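Enquirer: Here is what each chain is made of, one letter per residue.
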Amino acid sequence: MHVSRWGALVVLLAAAIVAGVAFGTLHLSPGDVMHGLIGDGAPMSVAVVRTLRLPRVLLAALVGAGLAAAGAALQGSTRNKLAEPYLLGVSGGAAVGAVLATAARAPASLIPIAAFAGALTSVALALLVARASGGRGDPRVVLMAGVVVGAFANAVIMVVLANADAGAIRGALWWMMGSVTDASWMQVRVLFVFVVVGVGVLVALGRAIDVLALGDDTAAGLGIHVGRVSLGVYCAGALLAAGTVSAAGLVGFVGLLVPHLVRLAGARTHRTIIAAAALGGASLVVFADLFARTARAPSELPLGAVTALIGVPFFLILLRRLT
Amino acid sequence: MIAFRDVVVTYPQRPMPALAGVSLDAARGHITAVVGPNGSGKSTLVRALIGSVALERGRVLVDDVSIHDLSRRARAVRIAVVTQREEPAFPLTVLEYISLGRYPHLGVWQSPARADLDAISNAIERTETSTFTARAITELSGGEWQRVRLARALAQGGDAIVLDEPTTFLDVAHEMAMFELLSRLAADGQAVLLVSHQLNLVARFAEHMVLLHRGHVEAAGTPSDVMQGAVLEQIYQWPLVITRDPAVGAPALVPLRVRTRGEHNS
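So the protein lines, in turn, are chains A and B. Note that the numbering used here gives residue 127 to position 131 of the first sequence, counting from 1, and the numbers run on in steps of one. Note that the numbering used here gives residue 1302 to position 193 of the second sequence, counting from 1, and the numbers run on in steps of one.
It should be emphasised that the hints constitute simulated quantities derived from the structure, not laboratory data. None of these values were measured; they are calculated from a predicted model.
Listed next, with one range per pair, are the computed distances between beta-carbon atoms:
hint: 1; chain 1: B; residue 1: Ser1220; chain 2: A; residue 2: Gly27; range: 42 to 52 Å
hint: 2; chain 1: B; residue 1: Asn1147; chain 2: A; residue 2: Ile165; range: 53 to 63 Å
hint: 3; chain 1: A; residue 1: Leu312; chain 2: B; residue 2: Gly1130; range: 51 to 61 Å
hint: 4; chain 1: B; residue 1: Met1285; chain 2: A; residue 2: Gly262; range: 35 to 45 Å
hint: 5; chain 1: B; residue 1: Thr1247; chain 2: A; residue 2: Ala200; range: 22 to 32 Å
hint: 6; chain 1: A; residue 1: His(-2); chain 2: B; residue 2: Asp1227; range: 18 to 28 Å
hint: 7; chain 1: B; residue 1: Gln1122; chain 2: A; residue 2: Asp178; range: 44 to 54 Å
hint: 8; chain 1: B; residue 1: Asn1231; chain 2: A; residue 2: Cys231; range: 36 to 46 Å
hint: 9; chain 1: B; residue 1: Asn1147; chain 2: A; residue 2: Arg136; range: 17 to 27 Å
hint: 10; chain 1: A; residue 1: His(-2); chain 2: B; residue 2: Arg1223; range: 16 to 26 Å
hint: 11; chain 1: B; residue 1: Arg1166; chain 2: A; residue 2: Asn159; range: 54 to 64 Å
hint: 12; chain 1: B; residue 1: Thr1247; chain 2: A; residue 2: Asp178; range: 41 to 51 Å
No residue lacks a Cβ here, since even glycine has one placed at the ideal position from N, Cα and C.
Could you build all of it, start to finish, from the sequences and the hints given here?
Expert: In structure tokens form, the structure reads like this:
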């Protein structure tokens, strides 16, 4: 990918972050934003910038970066253009882990870990289902297995919620529709670690994913341990899904859409695709969250609904170009 | 260079082994061709070499070292493999694709060095693919794609190249060019192990032929040793005669038409 396009992605993300901090119920000027960040502005705008807007914007950026990078890597390793944490059932598994931990009144710090355990369980289940049906190497079978595991995860969540009180159900529902409303600096720090580790592993595996995308036998001929590398991608994808799901619930279409946009912009090798998707995904979710909280202010739209509203028509246009 | 010793491979849920004690050698400086009917175990041989199937018994050796004692990467540095089918999922350019041949030579964060770039340009030159290195691999014709795959294997370097049906989608000219190139590689000292359906072509180019049937080595030796009418007729279950290639005198197989009732032989 050309240097100018990397530059464009960085500028886009910077613009998204500044816009995300500046706009909202209270509009701030770029000057207010800067003084708020430095901390020498009016106490009101410093508080808005530092405790409300900035963690929210950064959390949205991290969610987008993690989902898009995971989608890019999974599409490569499964050789399937529809693969992403949601369709593969990984996010569903993470959601089950998080819901079970919440229902068991586990401390907040344990929720991302429970989500990770759930995501890994769903990966294992999807791979077992694919293997049992004899389609281990067939990307379509893995995806179908993932869809089934995702549906199962949904059913588990509904069973858990059926016995919960009304308040808890409303909270859970809001979370399942995706939201960064209650962003805290603690969440930002936790997700930052998840995203740095997850995206780091995926970028390191980038070249191996290029080889894996050529097919199992060719990859084996080039010295790749196919099972181990694809498991590595699944685990890193599960880590990113767990981190984003426990921070912001279910935000769909980012992992599907952004890698395709990045490919259309000229990225072809997976190291480039994954890194560029992380930048692009971060911008997309920051803008989507900005829209979610300003379109019908003072009430908010669910973030997951906004990304789907943007994602579906975009994807239909892409589908024509991809097929 | 590459040696199979009494190799047995059985696929799960199959009663008969795909390879039932196969031994053969592919030496440096020669084209060794493995032939046989569909389902005789030819492709399983390649999959056993790259570790895609487990050996039930026997050993696969690379210069007397078992592939189990070699890392996959170390094996890939020495032996390049062009598998039977390969459908790229994403549109890399031809140059990017050929460069992936250097994958086993590079560390995780290492970028290609002078030697890598030389191997890549050398491979492009030998396969005559330089005119379309910027094109997407998903947009190549069948013949171009086979040449590009060979270029990727050549860029991989090493002293051995293994090809499974490399001429399936090629027309006569490209098929001959492919075999001529393999012949030059062997002359340069590479071990070329070729799995092929093209008995007649193989008989012209290979020094050593191995005939597989139901996982067993049915015959092995020079093309004249292996191309025996009675044996081939038995194995392929089809009437045929062996004649001589008019150009070079190599044995050539001519399958006969089966006379059916009501059809008159004129």
